[in-house]
Amino acid sequence: MTQSSMLVSSVYNDNESDMIRTMPPSSDDTFNGNQGILDELSGKKAVLYIPILLFLLILMVVGTIGNIFVIYVYIKKFKRVTARYFILSLAIFDLLTCVIALPTEMYDLLHSYNFQSYVACKILRYIVSVATYGSVFILIGIGLDRYLKVCKPLMMLEVYKLKGICAVSGIISILFGIPSAILFGISRAETSKKGVNGYDCSIEEKYRKSSFAIVYYAMLGIVFVFMLLLLSGIYLRIWLEVKRRQTIVTGQFASALHESGVEVNFQQSRLFRSSRSKNENSNDHETGESEDRPVHRPRMNSIAEVIRRVKISRITVVLFVVTIAFMITFLPAIVIMICRSVIKDLEDNQSDAVDVVSKFFSKFYLLNCAINPVIYSFLNKNFRRQFADLLKHLFSCHEVGRLYARKRSLSGSKKTDRSTRVVNVS
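With UniProt numbering, letter number 185 in the sequence shown gets 185, and the count goes up by one each step, no holes.
Worth flagging that the hints you see were computed from the coordinates, not collected in a lab.
Fair warning: there could be bad hints in the mix.
As the list claims (entries may be wrong) - DMTMM-like, lysine to aspartate or glutamate: derived pairs with alpha carbons at most 20 angstroms apart:
#	residue 1	residue 2
1	LYS45	GLU190
2	LYS44	ASP200
3	LYS76	ASP389
4	LYS243	ASP355
5	LYS193	ASP355
6	LYS209	GLU190
7	LYS122	GLU205
8	LYS77	ASP389
9	LYS122	ASP200
10	LYS193	ASP352
11	LYS194	ASP389
12	LYS122	ASP108
13	LYS152	GLU241
14	LYS44	GLU205
15	LYS359	ASP108
16	LYS194	ASP39
17	LYS45	ASP355
18	LYS45	ASP108
19	LYS193	GLU40
20	LYS206	GLU190
21	LYS44	ASP355
22	LYS44	ASP108
Said to hold, decoys possible - Distance windows between CB atoms, simulated:
#	residue 1	residue 2	range
23	ILE65	LYS163	20 to 30 angstroms
24	GLN350	LEU148	14 to 24 angstroms
25	ALA218	LEU394	22 to 32 angstroms
26	GLN350	VAL61	21 to 31 angstroms
27	VAL335	LEU175	17 to 27 angstroms
Built from N, CA and C at the ideal position, the CB exists for glycine as well.
Kindly generate the complete structure, drawing on both the sequences and the hints.
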C-alpha cells in the first residue's frame, strides 16, 4: 500500500490519531475519491442556505460602502468631535469584517462539505474574533468617555488618551483573537451518505472533546456578560444624572413661574447643554456632532426651555444605540455557540428548517458590521447631509465626464466630416 493510500485510509478511520485526522486535505487524500458526491451535497446545502447567503451579500455591500463613507466623513469632515476616534475604530473593525470575513463566510456556506483551505479558515475565524473583541473594547471606551463627559465633566478624557484607548483596544483584540486561530481549522464533516465524510471550517477534532473549546466559549460568554453589565450600569448612571439635573433646575426655578407662564430671566446660568453659540454652530456644521460641555447662558425664557436644554447630547444617544445594537446582534450567536459547546450532538438530528434557522442566528452577529452606518444616517442629520452631498458630487462628476466624452466624440466627428469634405473637393 502506498503512503498516499495509507494517509487516505487513516483520515476516515475513527481509531487513528487526531493529528492525522485534522490535517488539511491535500490533492491526493481529498475526500477519498468522493469529490463528486461532496460537491453535490454541498450544492444542496447551498440551495438550502440561499436566504442566509443573500443576507450576508446585502451586509457585505451595505457594510463595505457604509463603513468606507464613515471613515471618509470622520477623517475629512468631522474633525473636532472627540468621539470620532471611537467611531473610526469601529468602522475599521467593521470594514475588515465586510471585506475579509463575509466573503469567506459565504464561501463556507457554499462549500459545506468541501471547504479545503486551511489558511482561509484560520484567517476567517481570527479576523472575526479580532473584530469582535475590538468592538467590545471600543464600546467600553465609548461608555467610559460618555460617563466622564456627563457625570464627571472636570475629568473628561483628553484627545491623546482617547487615541490611546483605541490603540490599546486594537492590541488587546489582536492578542485575544489568537485562541480562535488555534481552535478552528479544517475538520471532518459527516454527511447523509454512509461512509462519506467531507471537510468544513469548524473546531478541529482534536479540540472537540477537550476543555479548550469549553474555556474558549466560556470566555466569550464572560466578556459579553461583563460588557452588558458594565455598559448597562454606565448608561443608567448617565440617565440618572441627566434626570437629577432636570430636577435641580425645576426645583430652583419653579417658584418663579406663574400660572400665566410669565417669563423668567436667568443671569449667567451655568447649564450643560448641546452647543448652540455662534462659535459652536460653525463647529457643529463642520463636525455634525454636539458634545456635552458647560456653557454660560445669559438669558432663558422659560423653565420648559431650561429643562429641554438639560438633556443627553445627540452623539451620546447615537453611541448608546450603537452599543445596544451590538448587544442585540451578538446575543443569539453567543447562546448558540455555548449550546453547541455544551451539547455535543446538538446538530446531529436537526431538520433542514432548524438547521437554516440555527445557522442564520449563528451568523446574526455579522449584522453588526453593517448596521452602524445605518444608525448614523437615521440619528444624525449632518451625517445624512454629508452622505447626500457626496452622492451629488459623485453623480455630478459622472455627468461632467459623460458630457466631456460626448463633446470629444462630437468634436471628433466634425473633424472627420471636414477631412472628408477636403478630400471630396480635391
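Tested hints:
no., hint, in the structure
1, LYS45 <-> GLU190, "holds, 13 angstroms"
2, LYS44 <-> ASP200, "holds, 15 angstroms"
3, LYS76 <-> ASP389, "holds, 13 angstroms"
4, LYS243 <-> ASP355, "violated, 47 angstroms"
5, LYS193 <-> ASP355, "holds, 18 angstroms"
6, LYS209 <-> GLU190, "holds, 17 angstroms"
7, LYS122 <-> GLU205, "holds, 15 angstroms"
8, LYS77 <-> ASP389, "holds, 12 angstroms"
9, LYS122 <-> ASP200, "holds, 12 angstroms"
10, LYS193 <-> ASP352, "holds, 16 angstroms"
11, LYS194 <-> ASP389, "violated, 60 angstroms"
12, LYS122 <-> ASP108, "holds, 12 angstroms"
13, LYS152 <-> GLU241, "holds, 10 angstroms"
14, LYS44 <-> GLU205, "violated, 25 angstroms"
15, LYS359 <-> ASP108, "holds, 12 angstroms"
16, LYS194 <-> ASP39, "holds, 16 angstroms"
17, LYS45 <-> ASP355, "holds, 10 angstroms"
18, LYS45 <-> ASP108, "holds, 11 angstroms"
19, LYS193 <-> GLU40, "holds, 11 angstroms"
20, LYS206 <-> GLU190, "holds, 16 angstroms"
21, LYS44 <-> ASP355, "holds, 13 angstroms"
22, LYS44 <-> ASP108, "holds, 14 angstroms"
23, ILE65 <-> LYS163: 20 to 30 angstroms, "holds, 27 angstroms"
24, GLN350 <-> LEU148: 14 to 24 angstroms, "violated, 48 angstroms"
25, ALA218 <-> LEU394: 22 to 32 angstroms, "violated, 48 angstroms"
26, GLN350 <-> VAL61: 21 to 31 angstroms, "holds, 30 angstroms"
27, VAL335 <-> LEU175: 17 to 27 angstroms, "holds, 26 angstroms"
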